[in-house]
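**Student:** Heads up: the sequence lines are chains A and B, in that order.
First residue of the first sequence: 0, per numbering that gives the first Met the number 0; consecutive thereafter.
First residue of the second sequence: 0, per numbering that gives the first Met the number 0; consecutive thereafter.
Hint data in this document are derived by calculation from the structure and do not stem from the laboratory.
Just so you know, even glycine gets a beta-carbon here, dropped at the ideal spot from N, CA and C.
Be a bit skeptical, because a hint or two may be false.
[Stated by the list, open to error] A few chain A residues facing chain B, derived, Cβ under 10 Å:
| # | residue |
| --- | --- |
| 1 | 51 |
| 2 | 55 |
| 3 | 197 |
| 4 | 260 |
| 5 | 268 |
| 6 | 271 |
[Stated by the list, open to error] Incomplete in silico selection of chain A near chain B, CB under 8 Å:
| # | residue |
| --- | --- |
| 7 | 48 |
| 8 | 49 |
| 9 | 218 |
[Unchecked claim] Calculated from the model, a selection of chain A residues having no Cβ within reach of chain B, i.e. all distances over 10 Å:
| # | residue |
| --- | --- |
| 10 | 32 |
| 11 | 52 |
| 12 | 117 |
| 13 | 200 |
| 14 | 224 |
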Amino acid sequence: MQSVRITLPDVAGGAASDWRDYFQLLKPRVVALVVFTGAVGLIAAPGHIHPLIAFVAILAIALGAGAAGALNQWWEADLDIRMKRTASRPVPAGRIGAKSAFDFAMVTAVASVFLMQVAVGLFAAALLLASILFYVLIYTVWLKRRTPQNIVIGGAAGAFPPLIGWVAVTGNLAPLPILLFAIIFVWTPPHFWALAMFVQKDYANAGVPMLPLTHGNAETRRQIWLYSLGLVAVTLAPIAIHATGLLYAVLAVGLGAAFLWFAWGTYRNTADEPKQMKPEKRLFGYSILYLFFLFAGVAADAVIAR
Amino acid sequence: MTPEETQAFYARRAARSRVIGIVLAALAVLFFLLTVVRMGKH
């Protein structure tokens, strides 16, 4: 399934926009989770980092993620306008012109990478640049409109922040941040497919080939269940290699069991109407809390161990 | 544009200019502090 891109006119230019529209363009809610996972990588890393450098590293991660989100909205304005969930975003709603959104996003992207390079170093800046390019070019431009595997591969973009946070402190990678990357990578499909189940009409209107549309609800529920099993298995890996402590172990097992419970509820559901997709909505909501508390456990364990 | 719309347009532009000013000033302070911290390491 492929959709046709249409170019939106630069209706508002930039002159009529409110500064809050530019703030919204940065997808602040997504950035909040990205900042959190980046901060966990930074806290979990062994070694010392000056508080100001740590602050700038987190700021650069936030700006980079925001810029990627803004570029995503610039490119996808023609899709967003056809989806109820996204039609009120600044570009499709005409509050920010397409060119203004692109200029703002590019300046923010360049500033974030430059800031990271100046404050932290080349490796962290390169990872930040890679995450922006991956999200914009690989996920947004290449995969999203072409394949139901879009969020499987694209999920890697959202998994970079813990790596960047860790590298900001140590200057190199280690097994734990790679496992944190893997956790977010495997968490992304069940998280987004649960959402895609109950907003699939939106995706159908926009012509985005999400899994429920291309392979049906039953197959999507099966994939959610399989990825959930994989997710819980990956979250146990830090325990197996003794990279985390007791608190994380308790959280990974307890939260993981609950994740599987919600995923099983989804797997067992046979409804095709969004109103009857309460298990999917519960799984989607829980998946956000799950990632938050799991990563909080990683950070807390690192602090306790010091 | 009506006079009200014109007024709202100028108000939005002024608010945006203020925010840009604040962001630039914050960046200047941030780079100064970064320089101090990084020079302190050597």
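**Student:** Among the hints numbered above, which are violated by the structure, and what are their numbers in rising order?
**Tutor:** Checked against the structure, the hints that fail are numbers 3, 4, 5, 6, 7, 9, 11, 12, while the rest are satisfied.
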